[in-house]
Every structure is written in C-alpha cells, then in structure tokens.
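Colleague: Whenever a hint applies, use it, and build me the whole structure from the sequences.
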Amino acid sequence: MNETAGPAVLAEGLVKHYTGREGTVEAVRGVDLEVSTGEVFGFLGPNGAGKSTTVRMLTTLLTITSGRAEVAGVDVARDPDGTRRRIGVALQEAGLDPRQTGRELLILHGRLFGLSAPEAAERARELIALVELEDAADRVIKGYSGGMQRRLDLAAALVHEPEVLFLDEPTTGLDPASRLTIWEELRRINGDGTTVFLTTQYLEEADQLCDRIAIIDGGRIVREGTPARLKADLRARRGGDHEPTLDDVFLDATGRTRARADGEVQEVTA
Amino acid sequence: MTATIVLGKRALREAIRTPDALFMTMFIPIFFLIVNTGQAAELFPSESTDFLRGQGYGAFQLPITLLLAASFGMAALFLVEEIEGGYFDKLRAIPIPRYAIVLGRLVAEGVKCVVIASVIVLIALPFGITIASGVFGFILLVGLTAFWGVVYAGFMQLVALKTRSAAATNSGGLIFFPLLFLTPNFVPRDMLTEPMEIAATLNPVTYLMEAMRSLILDDLDWEKILPGFGVVAAMGVLMLALTVRMIQRYD
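Respectively, the protein sequence lines represent chains A and B.
Those letters in the first sequence? Residues 226 to 495, by our numbering.
Those letters in the second sequence? Residues 16 to 266, by our numbering.
Everything labelled a hint here was simulated from the structure, so no lab data went into it.
For glycine and all other residues, C-beta sits at the position ideal for the given N, C-alpha and C.
Hints should not be assumed to be uniformly reliable.
[Stated by the list, open to error] Label-pair distances were calculated between CB atoms; the ranges are:
1. A:Asp363 / B:Glu57: 51 to 61 Å
2. A:Gly418 / B:Gly100: 25 to 35 Å
3. A:Asp304 / B:Leu235: 45 to 55 Å
4. A:Ala346 / B:Ser133: 29 to 39 Å
Modeller: Right, dumping it as structure tokens:
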C-alpha cells in the first residue's frame with residue numbers, strides 16, 4: 226500500500242465531452258487536481274457539476290476526451306488495468322449483485338483480483354469483520370438495508386488493499402447513524418494509509434472528514450484548499466464577525482445565495 | 016479465462032436462485048409442445064405421414080420446443096439489471112478482461128441450456144418420442160440446443176449493452192423471436208407455401224431446426240446435421256466479435 230512517491234491522484238486539463246443528437250455537452254472542462262498520498266480529498270459540487278464524470282474518468286470507467294490523469298503513479302488512459310489494480314471504487318447507489326450473499330460477493334471480488342480460493346475466503350472474512358456484517362454475511366444482499374449495502378460496497382472496494390479509494394457519494398440516502406458508521410470506517414481505512422477521494426453533497430461530511438477539498442461547478446474547479454483555509458479566505462473577503470461555514474464557501478463558490486422564507490433556509494441560484 | 020469461469024459460476028448461482036425464471040423457461044416450451052401436438056397430431060398420423068419416420072407428431076415438434084427453451088435465457092435481463100443498478104460498473108473497475116463479464120454469463124447460459132434440453136428430452140421420452148440417432152445423437156441435440164442458447168443470449172446481451180435499458184432489451188427479444196417461427200416448424204420446408212418456403216430458406220435458424228429434427232427422426236445424417244452446427248458456429252463467431260467490440264468501447 227502507498228508505494229507511490231508522487232501524488233496519489235493527478236489530473237491535468239481533464240476534459241470530457243459527450244456528443245449526442247442534440248450536440249456536444251461539455252461535462253468537464255479542464256480539471257486540474259493534485260491529491261497527496263494519504264490524504265482524504267473531498268470533491269464537492271452541485272448536481273450536474275461534473276463530480277461523477279471526473280471520478281468515472283479517474284477510475285477508467287469513462288474515456289478521457291482530452292487532458293491526462295495519473296492515479297497512484299499510473300497513467301489512467303495508457304494503463305487502465307494497472308490503474309484498476311491500484312484503486313478501489315464505490316460508486317453512487319451501492320452497485321451490488323442482489324442475488325449473492327455478502328460473503329460470496331467478497332470472495333468473487335477476491336478471485337477476480339487474482340486471489341486463490343482460500344485467500345479470497347480469508348480476505349472476505351477479514352472484511353466482513355471490518356465492516357461489522359458478520360451476522361448478515363451469509364444472507365443474500367437483496368435483504369440488506371441501505372447502510373449495510375454501503376458497508377458491503379466499501380468492503381468490496383477494499384478486497385485488494387487499494388492505494389487510492391474512490392467513493393462517490395458514499396453516504397447519500399443513509400440515516401445519521403449509518404452515516405457515522407461509514408465515517409468511522411473511512412477514518413480507519415485512511416488511518417491505514419489509503420488515500421481517499423470522496424465526492425459528497427454533504428458539506429458537514431466534507432468538513433469532518435477531508436484534509437482538503439475542491440469545489441467543481443460547471444465542469445471547472447472553482448475553489449480548492451483545506452476547509453479551514455477556504456473559510457478563512459471567505460471571511461477575509463467578506464469581513465464582519467460572521468464565521469463562515471463550508472456551506473457559505475460552497476454557496477459563494479458556486480454563485481448561489483441563501484434566502485430565508487418562512488423560517489426555512491433555501492438555496493437560490495444567484 | 017479464470018475471470019470468465021468465476022463469473023460463470025456466479026451466473027449459475029444466480030440462475031439457481033431464481034427458480035421462477037427457470038420454471039417459466041421450461042413450462043412455456045413444454046406447454047406449446049403439448050398444445051401444438053394435440054392440435055395437429057390427427058392431421059399427421061404417424062402411420063401415413065412420411066416425414067415423421069414412424070414417430071408421433073410430438074417428435075417433429077421437439078426441435079422448436081428446445082429452441083424456444085434455449086431462447087428464454089435470462090442472461091441479458093440480468094446484465095441490464097446490473098447496468099442499471101451499477102454493479103456492471105463495479106465489475107468494469109476490476110482489472111479483468113471486460114469481455115469476461117459477458118462471456119461468464121454466456122458460459123452459464125450454455126450449462127443451463129444443457130440441463131434444460133436434457134430434462135425436456137427426458138420428459139418427452141415416456142410420451143413415445145425417441146432419439147433415432149442414439150446416445151451420440153442425443154448429445155449432439157443437447158449440444159446444438161446449448162450453442163443456440165448461447166448465441167441467442169449473446170445477441171440479447173448486445174441489445175442490453177447498446178440500450179442499457181431493461182425495457183429495450185425485452186423489446187429486442189421480440190425482434191429476434193420471429194426468426195424461430197419463420198422456419199418449417201409445423202411441416203417440412205417443401206410443404207410450406209412458396210413465400211414461407213423462401214423465408215424459411217433464407218432464415219439460418221431453419222438449418223439448425225432441420226439438423227435437430229434429423230437427429231430426432233433419422234440416424235446420423237451429416238448432410239443435415241453439419242449445416243446446423245455451421246449456422247451456430249457462424250452466428251457464434253459474429254456474436255462474439257460484436258460483443259467484444261461493444262464492451263471494449265463501452266463508455
């Protein structure tokens with residue numbers, strides 16, 4: 226793990242265009258990123274900003290229109306299999322095979338990553354304990370709760386001890402208790418030296434977990450830095466006594482403002 | 016190869032865990048075998064109908080029953096379910112040849128078709144249907160059925176990969192399905208009306224059906240058997256080439 230000396234993730238001028246009947250859509254318009262080894266990096270942005278598209282390019286699931294990317298020192302476009310050996314991926318909406326048991330799924334992933342049958346079974350046992358699914362491990366996944374599916378998805382992404390773990394909105398739709406459990410697991414995984422690249426819509430999550438964050442809007446990075454630094458910058462620009470939150474940074478960066486109506490805070494596009 | 020086998024075993028487990036789908040795969044073709052035989056058996060008494068070679072009309076109907084059963088494979092629907100649910104992307108993010116994801120399902124489909132075809136033939140035997148070409152002919156018959164099942168499932172997987180939609184994949188089945196019926200499935204080709212005979216002659220499935228029928232009604236007649244294997248081999252090569260191309264370009 227973490228054999229790479231350089232950045233864990235490096236993107237230079239990353240662009241993704243989709244061409245369809247209605248013309249060309251520029252989903253990502255020149256993203257530059259550098260994530261250090263061992264970091265928890267938060268990638269934030271409104272819906273449709275280009276977060277998932279960027280993650281899908283970095284994880285070899287989408288071809289790159291132009292620009293280049295390296296993950297764990299491997300060029301994503303030139304050596305996709307080399308990249309896949311070094312990354313773990315848990316995408317939005319825990320994609321799992323509902324007809325397998327949790328244990329079968331983890332053993333399957335172990336076998337596909339080249340472990341022998343006994344090695345895969347042992348690794349599955351370790352991961353089941355790690356994500357605390359011992360009681361459910363031999364039940365089919367279809368019966369798992371959302372939180373259990375997320376934890377299993379996370380375990381499946383860790384089967385081969387990846388150097389970089391990509392998590393695309395890992396806590397979306399979870400109840401607060403399940404979210405906290407995922408946070409604890411992420412901290413533990415990161416504590417073991419795995420770089421974590423996390424997209425999230427929850428700014429509190431980013432504030433709690435991430436060493437650094439980048440905010441993407443309209444396919445471009447509009448802010449990047451540590452949460453504390455971004456908040457300090459905003460305070461310096463705005464002045465006054467109000468201590469900005471990451472929500473304020475996000476709204477400022479994406480050109481959105483808050484409006485109060487009937488006691489509720491609403492987000493309004495500026 | 017390991018990845019294909021590992022994923023094939025998973026697909027077999029999946030099939031075993033969906034017995035309702037397996038039941039329908041068996042039930043509908045057997046239902047049509049019974050209904051079609053019941054409706055037409057008196058029209059074609061075995062004693063006076065040359066093309067039956069002394070067997071009952073059920074033996075003549077058995078090939079379409081087997082082809083129908085092999086064409087009810089669930090591989091494409093399970094694949095599109097995984098595409099829609101996101102597990103397909105999880106598999107694509109693993110360093111295995113991407114074609115293994117679809118080939119694994121096809122391997123399982125082949126195994127499943129061997130079992131289903133064997134069971135259907137074994138069910139047919141007590142009703143007076145015999146395999147005139149013997150045990151070797153039975154193996155060839157089951158093999159042809161399984162190859163067809165794999166080819167058909169492969170083309171359906173192409174629809175699934177192209178459309179990424181369960182509804183469209185279901186509709187895709189309706190496009191291929193008529194091929195099974197533009198064949199001499201009720202009477203031999205030379206007894207069809209001229210337009211139907213032309214359509215059946217142009218339809219590659221006809222040669223597959225005639226090979227299967229030959230294995231049931233005749234001794235080993237390679238002139239009829241080999242074109243059947245030729246059709247599944249040619250269609251199989253085409254299907255594999257298109258599948259590998261499509262999944263490599265899947266974005």
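Colleague: Hint by hint, say whether it matches the structure.
Modeller: Verification of the hints:
In this structure the hint that Asp363 (chain A) and Glu57 (chain B) lie 51 to 61 Å apart at CB holds, the actual value being about 55 Å. Between Gly418 (chain A) and Gly100 (chain B), the C-beta spacing of about 31 Å keeps the proposed range 25 to 35 Å intact. At roughly 52 Å, the beta-carbon separation of Asp304 (chain A) and Leu235 (chain B) lies within the given 45 to 55 Å, and the hint holds. A hinted range of 29 to 39 Å holds for the C-beta pair Ala346 (chain A) and Ser133 (chain B), which are about 32 Å apart.
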